[in-house]
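Following the hints, put chain Z in place on chain Y, whose structure we already have.
One line per chain: the protein sequences are Y and Z, in this order. Quick note, the working numbering runs 202 ahead of the 1-based positions in the first sequence. Quick note, the working numbering runs 263 ahead of the 1-based positions in the second sequence.
The reader is advised that the hints may include incorrect statements.
[As the list claims (entries may be wrong)] In silico negatives: residues of chain Y with every beta carbon more than 10 angstroms from chain Z:
# : residue
1 : M203
2 : I208
3 : L212
[Unchecked claim] Dumping the calculated DSS-like pairs for lysine-lysine here, alpha-carbon to alpha-carbon at most 27 angstroms:
# : chain 1 : residue 1 : chain 2 : residue 2
4 : Z       : K548      : Z       : K577
5 : Z       : K282      : Y       : K268
6 : Y       : K280      : Z       : K467
7 : Z       : K282      : Y       : K265
Don't read these hints as lab results, they were simulated from the structure. Note that CB positions come from ideal geometry on N, CA and C, so glycine has one too.
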Amino acid sequence: MNDEEIRERLTAVFRSVFDDESIEVNSTTTAQDVEGWDSLAHIQLVVAIEKEFRVRFTMLEVKRLKNVGDLFNLVQTKVG
Amino acid sequence: MSRFPSYPIDADLILRELKSFRRELLNREDFIEKRIALLSGSTISAIKNVIELFLLRDGIQPIFHESEYNRYYEDLMFPNPELERFSPDLIYIFTSNVNILRYPGIHDSAEDVDALLASETGRYQAMWDRISSQYHCPVIQNNFEMPHYRLLGNLDAYELHGRCRYVAELNRFFAEQARVRQNLFLVDLHYLSSWFGLERWYDKTYWYMYKYAMSYEAIPHLANSVASVIKAIYGKSKKCLVLDLDNTLWGGVIGDDGLSGIQIGKETPEAEAYTEFQTYVRSLKDIGVLLAVCSKNETANAKEGFAHPDSILKLGDFASFKANWEPKSENIKRIAEDLSIGRDSLVFADDNPAERDIVRAQTPDVAVPEIGQNVTDYIHILDQTGYFESVSLSAEDVQRSAFYAGNALRKEVEGAFTNYEEFLASLQMRAEIRSFAPIYHDRITQLINKSNQFNVTTRRYTEAEVSSLAADPSVITLYGRLVDKFGDNGLVSIMIAKVQDGDLHLDLWLMSCRVLKRGMELAMFDALVGEASKRGIHTIVGYYYPTAKNAMVKGLFARVGFEKTSEDDKGNTTWRYCLSDSYTAQNLHIEVAHER
Chain Y
203 MNDEEIRERL
213 TAVFRSVFDD
223 ESIEVNSTTT
233 AQDVEGWDSL
243 AHIQLVVAIE
253 KEFRVRFTML
263 EVKRLKNVGD
273 LFNLVQTKVG
Chain Z
264 MSRFPSYPID
274 ADLILRELKS
284 FRRELLNRED
294 FIEKRIALLS
304 GSTISAIKNV
314 IELFLLRDGI
324 QPIFHESEYN
334 RYYEDLMFPN
344 PELERFSPDL
354 IYIFTSNVNI
364 LRYPGIHDSA
374 EDVDALLASE
384 TGRYQAMWDR
394 ISSQYHCPVI
404 QNNFEMPHYR
414 LLGNLDAYEL
424 HGRCRYVAEL
434 NRFFAEQARV
444 RQNLFLVDLH
454 YLSSWFGLER
464 WYDKTYWYMY
474 KYAMSYEAIP
484 HLANSVASVI
494 KAIYGKSKKC
504 LVLDLDNTLW
514 GGVIGDDGLS
524 GIQIGKETPE
534 AEAYTEFQTY
544 VRSLKDIGVL
554 LAVCSKNETA
564 NAKEGFAHPD
574 SILKLGDFAS
584 FKANWEPKSE
594 NIKRIAEDLS
604 IGRDSLVFAD
614 DNPAERDIVR
624 AQTPDVAVPE
634 IGQNVTDYIH
644 ILDQTGYFES
654 VSLSAEDVQR
664 SAFYAGNALR
674 KEVEGAFTNY
684 EEFLASLQMR
694 AEIRSFAPIY
704 HDRITQLINK
714 SNQFNVTTRR
724 YTEAEVSSLA
734 ADPSVITLYG
744 RLVDKFGDNG
754 LVSIMIAKVQ
764 DGDLHLDLWL
774 MSCRVLKRGM
784 ELAMFDALVG
794 EASKRGIHTI
804 VGYYYPTAKN
814 AMVKGLFARV
824 GFEKTSEDDK
834 GNTTWRYCLS
844 DSYTAQNLHI
854 EVAHER
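This is chain Y alone, in the form it adopts within the complex:
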């Protein structure tokens, strides 16, 4: 899977989880930048990303996520 495809599919997940078609995310986007990104939405987001890319994250991996860039990199290493 190339970077572009990962980015597109990540954006699509963000848009459906936050019900906002105008969301754009980049590698420095954090929870503070997206309205409604609270702890509940965070779990929803992580699970939706796991399903979208058919991967599982470990507790440690989830804990280390600081921004969308980390998420992107994590997905990238998992899908190869």
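Same frame as chain Y, but now just chain Z:
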């Protein structure tokens, strides 16, 4: 048409699009509102959000109150002004085996284990007692899923110290309590988790990170199950299963393959599978679900299929039978009219995906699960929907199909009379109209919560409220049962009226649509006037609040002799009836037995 997915449950989609589904489902107006307090022993946020979707889909808009995390016991047992002010219609105690205080220790004696069990069950009994004395509302309670691991392996199921045995004992106790406590309803976490698969149910990552007692994917299944119980409590369960025939109730096409060519019976694996599906459908009928046929076929061919010697279902099992070449959505509308039930009470099962889509598009109120095209899937897909969930089996449920079969006979006879009054006289109707009696409280509550059409105020009451109204000397309560020469129609009409400042205010007047146009409403009104006279009341005040469904009673008060006194901009009307000494009974054809 809502995008909210049908069954089988698509957990990933529901969880991902929670927000947009909620936004879309809120795009309607005729919700009934319910105040639901969630007292939970683990994280419940996402569960709450998905329960909301399943309730909104079927017309219930929940207002939630959440206890503090894992304070379910304290929040309930000690004075709690916040919860009291919230005044819940319903309380859901969401506990699971992470909330079991202690399991038997391996050195515990038999007495120790008994004492442990008693202290655990005692906690729940205290909470249920407290709810009935303080909050007077129904309680939904989870039982327990089996433990995550088995220290003793298979022995765990029966050894005194086994955790599996301990959980089974707790569940047995909960089941007994739910049988004797009228306002306690269980969510069977034990069955649900087994069905889902304990291996998938438990996801310790979510427990350690977020304190969810089960995996995220299990949440929509759990939420659906909880919502089904809530809907059953408020009479929102479905009432009728509408079935296609060819490749749905039997294998093959009766019009082409003929009676001997269709697959039903024990001869082939396919025939056996259809036999099991017919048996399931027949059992639904036995618990009070109405059955109807909606098939593209010649009527004669369609009926012939049920003459098959191995057919479990017989023609007489169907309350309505439509086999023709009209669009199915049109036939489905007629089925709802024939049975006098709302389209939102219907579930449609058809193996043909195109037919399912058309029905979904043309009659969006009808529930259309994706049963697929494989007969071996039909049962478990229909079963997991929870559409026909009930909270108790009343005698009425078990007899319901007989009531409707009686109606089909009445319709036939009706055709033989030129004069409707003559027809009514020929029915030899007898009614019993009396004050609420405890043995009928469950049926009365059920009828109050599901009658929408012949219902002037559409007020809903819980069983606890029904009991307290029945005991209140300032309230006149009346129920009516109707029997005729074709059978017992059961308890079909209810009135609740309050004496206030010398006038009698009619808070509720409803009747089941299966006895429309029989004059039963006149008999009820006569009885009310009788009770009012006994108490020396001179004025009865009636109220009509229009809803999407109760237009048929807009003119009811005028018809029995009330005068309209006011009307507001929403169409709510108030009516007045002045009693005179010379009241003449309005009911002509029903012989009535009154208060003993």
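Status of each hint after checking the structure:
With a minimum CB-CB distance of about 19 angstroms to chain Z, Y/M203 clears the 10 angstroms threshold, and the non-interface call stands. The Cβ of Y/I208 lies farther than 10 angstroms from every Cβ of chain Z, with a closest approach of about 17 angstroms, so its non-interface assignment holds. For Y/L212, the requirement that its beta carbon stay farther than 10 angstroms from each beta carbon of chain Z is met, with the minimum near 13 angstroms. For the hint linking Z/K548 to Z/K577, the alpha-carbon distance of about 12 angstroms falls within 27 angstroms, and the restraint holds.
Taking the CA atoms of Z/K282 and Y/K268, the gap is about 24 angstroms. The hint holds against a cut of 27 angstroms. This hinted pair checks out: Y/K280 and Z/K467 have alpha carbons roughly 21 angstroms apart, not beyond 27 angstroms. Using a Cα cut-off of 27 angstroms, the hinted pair Z/K282 and Y/K265 holds, with the two alpha carbons roughly 25 angstroms apart.
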